[in-house]
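Student: These protein sequence lines map, in sequence, to chains R and W. Residue 1 is where the first sequence starts when you use this note's numbering, and the numbers rise one by one after that. Residue 1 is where the second sequence starts when you use this note's numbering, and the numbers rise one by one after that.
No lab work stands behind these hints, which were simulated from the structure alone. Please read these numbers as outputs of a predicted model, since none were measured by experiment. Ideal Cβ positions, reconstructed from N, Cα and C, are used throughout, including at glycine. Errors might be hidden in some of the hints.
Said to hold, decoys possible - Straight-line Cα separation of at most 30 Å, DSS-like style, residue types lysine-lysine; simulated pairs:
#, chain 1, residue 1, chain 2, residue 2
1, R, K982, R, K770
2, R, K525, W, K23
3, R, K472, W, K106
4, R, K519, R, K669
5, R, K669, R, K831
6, W, K8, R, K525
7, W, K181, W, K266
8, R, K472, W, K113
9, W, K314, R, K336
10, W, K8, R, K484
11, R, K525, W, K149
To be verified - The following label-pair restraints were derived from C-beta to C-beta distances:
#, chain 1, residue 1, chain 2, residue 2, range
12, R, R145, W, W162, 58 to 64 Å
13, R, N527, W, D173, 41 to 47 Å
14, W, E78, R, L435, 34 to 40 Å
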Amino acid sequence: MPKRTDIKSIAIIGAGPIIIGQACEFDYSGTQACKALREEGYRIILINSNPATIMTDPEMADATYIEPITPGVVAKILEQERPDALLPTMGGQTALNTALALAEDGTLERLGIELIGANREAIEMAEDRNKFKECMDRLGLESARSKTIHSIEEADAALEYVGLPAIIRPSFTLGGTGGGIAYNKEEYEEIVYSGLDASPTTEVLIEESLLGWKEYEMEVVRDKNDNCIIICSIENVDPMGVHTGDSITVAPALTLTDKEYQIMRNASIAVLRGIGVETGGSNVQFAINPENGRMIVIEMNPRVSRSSALASKATGFPIAKIAAKLAVGYTLDELKNDITGGRTPASFEPTIDYVVTKVPRFAFEKFKGAKPLLNTSMKSVGEVMAIGRSFEESLQKSMRSLEKGLTGLDPMPVPNADPANPESFTDALLAAVALPTPQRILHIADAIRHGISLERIHDTCKYDPWFLERIKNIVDAEKDITKKGLPTDREGWVRLKKLGFSDARLATLMNVSEAQVRKARTTHKVNPVFKRVDTCAAEIPSSTPYMYGCYEGDGINEPESEIDPSDKEKIIILGGGPNRIGQGIEFDYCCVHASYALREAGYETIMVNCNPETVSTDYDTSDRLYFEPLTQEDVIELIKAEQESGKVKGVIVQLGGQTPLKLAHPLQKAGIPILGTDPDAIDLAEDRERFQKLLKKLKLRQPPNGLARSAKEAEDIAEEIGFPIVIRPSYVLGGQAMQIVHNKTELKQYIKTAVKVSGDDPVLLDRYLKSAIEVDVDALADGTDVYVAGIMEHIEEAGIHSGDSACVLPPHSLPAETVKEIEQQTITLAKALKVEGLMNVQFAVRKNDETGVLDIYILEVNPRASRTAPFVAKATGVPVAKLAARIMAGEKLADFKGMLKGMNPKHHAVKAPVFPFNRFPGVEPLLGPEMKSTGEVMGLDTDVSHALAKAFLAAGTRLPTGGKVFLSVKDVDKEALAPIAKELADIGFELVATGGTARFLKEKGLKVKRINKVMEGQPHIGDAIINGEIALMINTTAKSSQAVADGTNIRRLALMNKIPYYTLLTAANAAVQAIRAVKAKEIEVAPLQSYFEASKPAEKPESTTQKRRKTA
Amino acid sequence: MTSSKTTKQPRNATGVIVLADGKVIWGKGFGAPAKAVGEICFNTSITGYQEILTDPSYAGQIINFTFPHIGNVGTNDEDIETVNPASRGLIVREDITSPSSWRAQKHFDAWLKSYNLPGICNVDTRAITRLIRDGGAPVGIIQHAPDGKFDLKALHDEAKSWPGLEGMDLAKDVSCTQMYKWDEADWVLGQGYKKQTSPKYKVVAVDYGAKRNILRCLAAAGCEVVVVPGHSSAEDVMSHKPDGVFLSNGPGDPAATGKYAVPMIKTLLEKNMPIFGICLGHQMLALALGGETTKMNLGHRGANQPVKDLTTGKVEITSQNHGFHVISESLPKDVEVTHVSLFDGSNEGLRVKNKPVFSVQYHPEASPGPQDSHYLFHRFVENIRKAKAA
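The following block holds chain R by itself, in its conformation from the complex:
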């Protein structure tokens, strides 16, 4: 049966901002779904608040709503658009929960909208622990012994039943927020408490511990005729106890007999049928007792997931695309597998002839006070995937893909372990191996190096012996090299490279340079070959150039490569590697846009990336895809191979963030052309001394600053420019290790602990501009002309990392002449740096205390794509990343005149960040110069206050419209607090404040109730927060440690109790504006396309009249 014709329009809900547990894999799946359903002729209504996604590009849907994903707002959109169906399975837990809420409150029924892909009962059964367990019982499948509780009082009885260690899993939370493993009673009570709190239904499951068991996942697809296929099996190298998102995993499963595998296969299909997932992709997780094969079903997700994205990339089977088509009535046998060029149907099970390894990437260093320990609550911010012809090759490739400075299984020193004392050293190593930490696998390699038996290591960490033996294989080969030196013949080289060793790792082992290793290797004509990911292990010819590099051959015969380069003119785009804080989906967006634009311009586009979550690594985004680590060795090898035929016009390194930029010089050295801005200009902007000279020449202003190559130099410079000082290491993204120091002691402390300062690693010192307004500018330039694409005024003052600050486009408070001047300075800079492509400038605007005029300072210039590029593109309707790519390829801004519409003055766009503080217990949720946000949302409205309100709402802040507001600010802020407090009182809030603040506000004639600080004794503000008496909190802190500690406590309480809190008055003021606006007029919704209708006629005529219609 072909597709359904009784439905004409379908709404798809996205996943919203990037958060831990929900990253760009949902852009990948959502984009696939939009494309798949649009090509079937359905009208697509897309709802997603994340502007950095490809799915929210106006071409992807008929109506794109960049609006908050809350049941209330989504209901308004549905009311306005009246789609026939809603597809809730593409946007992660966010979409599923929102759809469920709309089903439960009757909205869907009232509007006659059908849920497709998963129905309400199936979602509930999969998500509700009890119902799920009952279903497993009915199916005759085992689930872990467990009890569901709804209050702390029931906790004791549950513990008695399941025993310690016990796993605590809150219902309806993402990535296991609020859950954990308890080894003792005290921990147990603590975690139960936080779990009950995190669960929207105040429900947690107490479960028998399966710690140390083997963990597996099956990716299943089912159609309406009950045809079921397994796309991929995944085995976790980290055993049970570590969230699968935080585990190193491999595909396919490697340590199961066929009998066991088939039991799991049958069970996964039974689970889909039992839960009632009628069509689409699901993921089923299993635990297996390694002693006897006893299998337990852990959970299932009735939707596409991070694992399904991984399975899609690992096998080449596009799960989300197929799932979308199944949702509208197709069956698997009716759909083609397009990786084989349609030679096979979608109804077969992919098989692979390589090993895929996924390794998560963490950001613990960003969150001081967070222990880098892994458990059942996900903490990683990104991941890499590597493909190799053996586990060894795959693992070593994944290690160097991570960009954590690893070249393979590099040694990882254990703190306080002394190699001189063998016995205690062994104990220390084993202790490190026992702990589930991000670097555990490196400690394991070290333990093997140190001669500890695999049995002892297995007993300690429960890694399957098979994986341990493979790691030993690598370690043994390393020992061999250090003993005998590098191979002296081709055969020896091939054998070594087949184990996945990078030249860089070999160089370290031999204490020579990487270039020397490369030279020795290439002398023997040893280069990688490229094989294809084809879903069928070469059984059927594949027309899709989705490739990975590996080493093959016996050293005599020429190894076979399937690269088959075309004779076209090609452009290579280097992606951004794993997501991390500071470098995420925004850069992938830019790379994808470059690929789209250059394809349109007639080039063959070649993407290189190693991040399985992204749209860039979808095999149909570019003409060719290399799933390879972004290291100079891997990238240069593939480019050389591409150069065998056709012409490589050049490589784009400016769009993927810091990762590809770092490769600019090695690529240039290898004679590979770099497109766009000369990498030297990027260096110039980064090089303090050269940049300072340039600014002087241009007569532009910079905060007093200096560059120090030693601790002494730093102190001297500090003396000269004066405290407070913003200090940071050179060449970082996301403000890593950036800090504001207020005095000499703090400066010394920073240099001692936070960074290495040396001739090669200088630190930058800038005078910190207090209470300055920060402004971000994105511009396009072609070497001659400059187009200022977006000027964004930050809400938070300068000193807060630009990625963590909310911002408004166009500027809402700066005078027009200041904006004009900023624009002029941007143009001057772009010309001086001879920018060809994108450029981002950060300015600070500060009132000169003496002259009273607004001084403009240049904080930073980056002649490359910025984090704000997609936001600017969405807000202004100008596809800046696409144009940048075309310019890099040689076109001029003048060629695109008609597209440069300027900044639309009729509406405002607000970007707001989203933070992962709730994932890291005990961490201070304060903002500073080091970036901490994982993602962002956009609020769009004709009125700036409503745009602000939408952005706050989309970022997860439920702004109250009344109730008690708690105020406690440091002395210097008191004056500025007064008008905010007054406004709050005017719009109906009750004010409560701590002693000093209360006194001050009373003097200003406001009605305030005094409340105790925590240290002043109970009942205090903490009690009020816990008791739900506080609706809003404004709390700024002086930089004294006691004040911070006192503050931390209440800020974390507010965070955990989901009370909006503001630690900066600028942000608080914005929140008050938003509250006032929403109180005056409810939020209205409008599609992105309608904001630009002047230039493009609406596809649906009635939408113009409807779009402003206020709905109930």
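Given chain R's structure and the hints, the job is docking chain W onto it.
Tutor: Relative to the frame of chain R, chain W by itself:
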């Protein structure tokens, strides 16, 4: 690839593959220090190497495994399809590793040695798969020589002179020579194979190289199973007073085996005996019904093969291992094509109208592979029940 005439040999090479066309591929030997000649075919299954190597249908063949890591879970006494492996040797990408499974009883390498099976590793098995895909399954010889001494010319000559599978009746080599009874039923985790206790119907299974799991599936479906040699006559079969007859899988050219199998099946058809055939048994039945078989350019070998049941429209993922197939168009009018391959549209099943007779080309018993098609054994039993009731 180098040819057998050049003598260049990599240092440390202890294994070699020489193809009939003279191509030489070097590697590392494992398993038995021996040589083996045969048709080189590939299998794309990721799990179940022990079942594959013991599948009698692989008689005369050397198996090129497309998945790089083979041997991970060692071997055990349960995961076998016959006592002695029928395939002649194997080619894999990676070194054989220590077993890692609670079910493992033996190291895979030791197991191969005990059956005198040689293997070659460190070979680009994907390149070989592509070679087979594009040019058909070649004849080749593999040798594992721990001392690294190879006589390439002699190996090449031996490969060249091997006659090939076409026209070869390999079924007789792997069939049992005497009848026996079978009562081992399905496998249950933690319990092993169950014993069949109360059979309802008597089934004679004609053994052309039967996989044990077929017999287990029959037993589990309630049949008392009597296994008879492949060249049994209709009288031999009928002497057991069966309620139904099963025609097993097996190796080689169906035309060769058909010489003695077809007359027997024709007689059974006349008697309206319920019949179920799998793989070679399916081809035998087709021949007996007047159809034709032919060698495929590209055989189906793997555990991921989609088959559509034309009677229900449903898709089954099946385990397959065949290099010959039944030509659907050659079948007479009273025979209905019931299953087709969604890969290439080739015949995967048939049913005789108005008779309790059906067969499939693929392996519903799986082992290794998906168990989506186990229902066919119940369909057979249902046919028997109806025939008896009639």
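Student: Next step is simple, just say for each hint if it's right about the structure.
Tutor: Structure-based check of all given hints:
1. R:K982 <-> R:K770: 25 Å, holds
2. R:K525 <-> W:K23: 22 Å, holds
3. R:K472 <-> W:K106: 21 Å, holds
4. R:K519 <-> R:K669: Holds - the C-alpha atoms of K669 (chain R) and K519 (chain R) are around 14 Å apart, at most 30 Å.
5. R:K669 <-> R:K831: Judged against 30 Å, a Cα distance of about 26 Å means the pair holds.
6. W:K8 <-> R:K525: 17 Å, holds
7. W:K181 <-> W:K266: Roughly 24 Å separates the two Cα atoms, so the pair holds.
8. R:K472 <-> W:K113: With Cα atoms ~25 Å apart, K472 (chain R) and K113 (chain W) stay inside 30 Å; holds.
9. W:K314 <-> R:K336: 16 Å, holds
10. W:K8 <-> R:K484: Within the cut-off at roughly 24 Å; holds.
11. R:K525 <-> W:K149: 26 Å, holds
12. R:R145 <-> W:W162: 58 to 64 Å: 59 Å, holds
13. R:N527 <-> W:D173: 41 to 47 Å: 46 Å, holds
14. W:E78 <-> R:L435: 34 to 40 Å: 38 Å, holds
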